[in-house]
Amino acid sequence: MRATVISEPGGPDVLAWEEVPDPRPAAGQVVIDVKASAVNRADLLQRQGFYPPPKGASDIPGLECSGMISEIGPGVEGFAVGDHVCALLAGGGYAERVAVPWQQVMPVPEGVPLDVAASLPEVACTVWSNVFMTARLRKGETLLVHGGASGIGTLAIQLAKAYGSHVLVTAGSDEKVRRCLDLGADEGVNYREEDFAEKFKNRADVILDIIGAKYLRKNVAALATGGRLVVIGMQGGTVGELDLGRLMGKRASVSAAGLRVRPVEEKGVICRGVVQNVWPLISAGAIKPVVYAEVPMSDAAQAHRMLESGEHIGKILLVR
Numbered sequence: 061m062r063a064t065v066i067s068e069p070g071g072p073d074v075l076a077w078e079e080v081p082d083p084r085p086a087a088g089q090v091v092i093d094v095k096a097s098a099v100n101r102a103d104l105l106q107r108q109g110f111y112p113p114p115k116g117a118s119d120i121p122g123l124e125c126s127g128m129i130s131e132i133g134p135g136v137e138g139f140a141v142g143d144h145v146c147a148l149l150a151g152g153g154y155a156e157r158v159a160v161p162w163q164q165v166m167p168v169p170e171g172v173p174l175d176v177a178a179s180l181p182e183v184a185c186t187v188w189s190n191v192f193m194t195a196r197l198r199k200g201e202t203l204l205v206h207g208g209a210s211g212i213g214t215l216a217i218q219l220a221k222a223y224g225s226h227v228l229v230t231a232g233s234d235e236k237v238r239r240c241l242d243l244g245a246d247e248g249v250n251y252r253e254e255d256f257a258e259k260f261k262n263r264a265d266v267i268l269d270i271i272g273a274k275y276l277r278k279n280v281a282a283l284a285t286g287g288r289l290v291v292i293g294m295q296g297g298t299v300g301e302l303d304l305g306r307l308m309g310k311r312a313s314v315s316a317a318g319l320r321v322r323p324v325e326e327k328g329v330i331c332r333g334v335v336q337n338v339w340p341l342i343s344a345g346a347i348k349p350v351v352y353a354e355v356p357m358s359d360a361a362q363a364h365r366m367l368e369s370g371e372h373i374g375k376i377l378l379v380r
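Residues in the sequence shown are numbered consecutively from 61, following the numbering used here.
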């Protein structure tokens with residue numbers, strides 16, 4: 061098969077579309093003939109040499125895909141050859157075929173085109189596991205989403221609104237803030253022009269943060285009493301100062317979590333939660349996947365340049 065390989069750490073030009081061995085399904089795995097994958101910031105970090113795949117995972121980038129099951133290994137439950145599916149991956153999505161544990165495979169939501177379904181696994185599993193499973197966002201509470209125009213942000217806005225929450229966002233331009241409001245956000249801040257910590261002071265019951273250390277102090281300021289800060293990214297650094305006195309005064313908490321390195325069983329629990337709780341909202345039209353562009357899978361370098369430009373809103377897909 062053909063796949064995108066990383067010849068050496070570096071810029072987008074180190075990505076090459078080459079012949080590689082076909083995957084074979086091990087016990088508990090299926091092989092998916094890939095229709096589309098999606099570009100995530102973790103892929104950029106892997107390309108640069110900063111985020112190697114977990115032990116045993118494919119060196120090929122790509123953390124999600126959609127397509128049709130073509131082979132099934134022993135011990136697989138609930139799937140058959142020919143099923144149209146999407147999947148959460150530890151790697152391997154930028155390829156014509158990928159092997160994946162059946163627990164991380166999900167049916168395509170009703171009404172979603174097969175290529176567009178590739179935009180959903182990573183963002184849906186990230187938002188569901190962090191905002192709802194870990195931070196326990198409840199109806200009537202307020203969620204602050206950083207990077208509201210990102211793939212994760214656009215889904216988090218819609219899912220939180222569908223569950224009856226008030227949604228605050230930050231984004232990097234007035235246009236992106238407007239798009240977030242169009243998706244259902246109640247209030248937004250262009251972080252280049254306004255301090256979100258001042259505007260949203262003591263208001264957020266849950267914060268979904270992709271920035272990390274740079275926003276730690278401001279996030280604590282924005283938390284309401286009993287608030288929960290969930291850090292899922294480190295674009296603003298890994299080491300910051302935490303005012304424990306202020307945190308204790310608010311009876312607030314901070315947690316941090318990744319998705320890629322979790323055990324298969326944990327990912328399976330998350331995927332089943334997504335199918336049960338998120339897919340029906342997508343099929344009903346309450347949540348709409350937001351796709352910025354579709355790029356040929358053989359030109360992953362161009363898709364990486366798009367993501368690095370910061371101009372996108374929603375997901376960038378790689379399609380065959």
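One or more hints might be untrue.
[Unchecked claim] DSSO-like mimics (lysine-lysine), calculated; alpha carbons at most 30 Å apart, straight line:
no., residue 1, residue 2
1, LYS115, LYS199
2, LYS259, LYS348
3, LYS348, LYS221
4, LYS199, LYS259
5, LYS199, LYS221
6, LYS199, LYS348
7, LYS199, LYS310
8, LYS259, LYS310
9, LYS310, LYS348
10, LYS221, LYS261
11, LYS274, LYS259
12, LYS221, LYS274
13, LYS274, LYS310
14, LYS221, LYS259
15, LYS261, LYS274
16, LYS310, LYS221
[To be verified] Listed next, with one range per pair, are the computed distances between beta-carbon atoms:
no., residue 1, residue 2, range
17, ALA346, ARG238, 30 to 40 Å
18, GLY224, GLU254, 21 to 31 Å
19, VAL141, ALA273, 27 to 37 Å
20, PRO112, ASP303, 17 to 27 Å
21, ALA117, VAL335, 19 to 29 Å
22, ASP93, ARG277, 42 to 52 Å
23, VAL141, LEU304, 51 to 61 Å
24, MET193, LEU304, 20 to 30 Å
25, SER67, ASP242, 36 to 46 Å
Source of the hints: derived by calculation from the structure; they are not laboratory data. Here the structure is a predicted model, which is why all the values come from computation and not from measurement. Heads up, the beta-carbon is just placed ideally off N, CA and C, and yes, glycines get one too.
Hints versus structure:
1. LYS115 to LYS199: Not satisfied, since the Cα-Cα distance of roughly 39 Å exceeds 30 Å.
2. LYS259 to LYS348: holds (28 Å)
3. LYS348 to LYS221: Answer holds: LYS348 to LYS221 is near 12 Å, not above 30 Å.
4. LYS199 to LYS259: Given pair LYS199, LYS259 holds - Cα atoms ~22 Å apart, limit 30 Å.
5. LYS199 to LYS221: The given pair, whose Cα atoms are some 9 Å apart, holds under the 30 Å limit.
6. LYS199 to LYS348: holds (20 Å)
7. LYS199 to LYS310: With a Cα-Cα distance of about 20 Å, the restraint between LYS199 and LYS310 holds, given a limit of 30 Å.
8. LYS259 to LYS310: holds (18 Å)
9. LYS310 to LYS348: violated (35 Å)
10. LYS221 to LYS261: holds (21 Å)
11. LYS274 to LYS259: Judged against 30 Å, a Cα distance of about 17 Å means the pair holds.
12. LYS221 to LYS274: Holds, at roughly 27 Å.
13. LYS274 to LYS310: holds (20 Å)
14. LYS221 to LYS259: Distance of about 20 Å is within 30 Å: holds.
15. LYS261 to LYS274: Holds: LYS261 and LYS274 sit about 17 Å apart, inside 30 Å.
16. LYS310 to LYS221: holds (25 Å)
17. ALA346 to ARG238: 30 to 40 Å: violated (21 Å)
18. GLY224 to GLU254: 21 to 31 Å: holds (27 Å)
19. VAL141 to ALA273: 27 to 37 Å: About 47 Å separates the Cβ atoms of VAL141 and ALA273, which means 27 to 37 Å is violated.
20. PRO112 to ASP303: 17 to 27 Å: violated (34 Å)
21. ALA117 to VAL335: 19 to 29 Å: holds (23 Å)
22. ASP93 to ARG277: 42 to 52 Å: holds (48 Å)
23. VAL141 to LEU304: 51 to 61 Å: holds (55 Å)
24. MET193 to LEU304: 20 to 30 Å: holds (25 Å)
25. SER67 to ASP242: 36 to 46 Å: This hint holds: roughly 40 Å between Cβ atoms.
When the structure is compared with the earlier hints, violations turn up for hints 1, 9, 17, 19 and 20 and for no others.
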